[in-house]
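Here's the letter readout for the chains.
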Amino acid sequence: MTGAPSENIQKTLNDPRLQLAIYAASGRLMDHRATAVQTEVLPEYQDLRTQANQIKKHTIENLDYYLEQLEANVVAHGGQVVFCRDGQEVADFVLGLAKKNDARLIVKSKSMTSEEIHFNERLAHHQLEAVETDLGEYIIQLAHQRPYHIVAPALHLTRYDVADIFTERLGVEREVVPENQTKIARAVLREKFLQADIGVTGANFLIADSGAVVVVENEGNARLSSSTPKIHIAVAGIEKLIPRAQDLAVFLDLLGRSATGQPLTVYTSFLSGPRRGDEVDGPDEFYLVLLDNGRTKLLVDPEKRQSLYCIRCGACLNHCPVYRKIGGHNYPWVYSGPIGAIITPQFHDITENGWLPFASSLCGACAEVCPVKIEIPKLLLKLRSEVTDVKRQHGASGLERFAFRMFAWVMAHPKIYLLGGRIGAILAPLVPPVGPLKKWASQRTLPRPAKQSFHQLWAARKRK
Amino acid sequence: MTSRDQILADIRTALGRTAGQRPAPLTAPLLRGPRFDRDLYIQTFVQRFEKLAGKAFAVPDAAAVLPQLSPLLDGKRVVASHAPFLDTCGITALPQVQSGFSGRDALRDACAAADIGITSADYALAETGTLVMLSSRQEARLVSLLPPVHVAIVPRSRILANLDELLTLLPKPAEQSSSMVLITGPSRTADIEQILIRGVHGPGEIYAVIVENA
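Protein chains in written order, with our numbering: chain A, 2 to 465; chain B, 570 to 783.
Next comes chain A alone, as it looks inside the complex:
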């Protein structure tokens, strides 16, 4: 069982610049969301959440039916659907298609699903260049890092970091003004858009009754990725489905507001198939890659399957007291924060990152702001008990088990308990902080035992 990356977490906690960046950015996103969902602006907010939850529940519980409907409608609009079990199958498909079309360059818009399968790295091994085009993603791709936040990937970097990265990777003169940095990126990426053979996007929603993918964004890079090259590939997890285009009235009202406080993001693209006969532009070929990569495993448990309702708005990260201290890179997988803490152990072996469900104060803020009402704290508790069960089976915690058995015995014997309490009160201040106590004491001050215990006070009161 791997433990929490304590050293790296300590480093993050001791970095005042990073602490300020995380705190300020998540705080701002919290404020924006709060303004956008307040009753005066969106009186039906709670009702929309309930509807979103019901629609997702219904879709996930009938996932095979809606996947087949989606597939039939994509095909009816001239597109193709490619089911992939894992990242390797996605890479094989894209490489095959690239080879067939003699493609060298892929432009890519932001997609957590593609991050999840290390899409770019897999293709790079075969000399196929995939360029991230979302500004934040482009910066972190140049810096060889992974996203720090689901919607704000470069949240942890300053303009000075960006200046260094651009100077080093692009060979441009040092530029520290974000507006000019954006212009540099725009110019480089505009060329890529015009040269690219294939455009890859993610999908925020898959619309079963339309055979469509819906992509929301602010920059225009997803529009460019899906419209400039001759081939468009959308890569999405199978859980992104919703049954009907009309359901967007519920989900689009929630997604932008929960993520950045925008009633609608700048661009919402509703795309189905390649360009039609009389359309002037658009791709000639359209492929929808539907990825499992562990998702079907999450369907088995009726309670835990709600983890798949997530629409990746990032609100739970912004509101999480743990994320706001330890940041995104201390989580073991691309999905960080509370949603990462519940899906990482389920996608991977539960023992692999068993510490994750425990890294929570269970304050419940995540559940309160989740637009699709995932019961994150409840799932954290459920996963904790599963991790503990596995540990017990593996007998890895003999000492812990012994301690709890002793505890149970003492609690069942009042005289021993009282005696222990009295001895403890005398000894506790004298015990030096060594062994396991050392770590505990490094973050806490042991309160001085009261002069009289509750039992003693009670007895004295009775005597009066």
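Not the full set, but computed from the structure, chain A residues with beta-carbon under 10 Å of chain B:
#	residue
1	69
2	153
3	213
4	239
5	245
6	250
7	251
8	269
Because the hints were derived from the structure by calculation, they are not lab data. No experiment lies behind these values; they were computed from the predicted model shown. We put the beta carbon where it would ideally sit given N, CA and C, even for glycine.
Starting from the known structure of chain A, arrange chain B on it as the hints suggest.
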């Protein structure tokens, strides 16, 4: 077994379902009506559009469009879509305006070199200040995307209250077009230190001209 069949089989096993089993009916999503009077559509649209840092004007009729736009278009390279309404407004007759592309590559090169792209819009949503563009023979995707400035000339009759009204009118947008895009403000990013910057990949400036008697 193919990956497709494997995935569908895994799903069915996990959910205890059989192939082709129909789901229980799902209630239709509640679509909201307008929150304000139809007389206020133009005013609301203009207000919201400008709040997003766009510039919006309402003009009485098609003849008033050119006088409104000429200061913006003077001396610029302009690409216009094939929307018939742009002919009505006299846009396509201007000497600096290129229009009527038949080939995709020619259109793309012109858009990439243009200062301004002019389109109409299939719909506009008052509540959010949104332009709705369906790709078609008349409206290409790239005219509203590649040039740094986008101008949309919209007949008043195309203004709807909100997204809900759009989805009531177009319950299945994919039947009309391969692409429907909602444009809500100029292209923007806040990826560096959360500082708002406009015009990262799409147009950094957008204009809407609402034609009242159209």
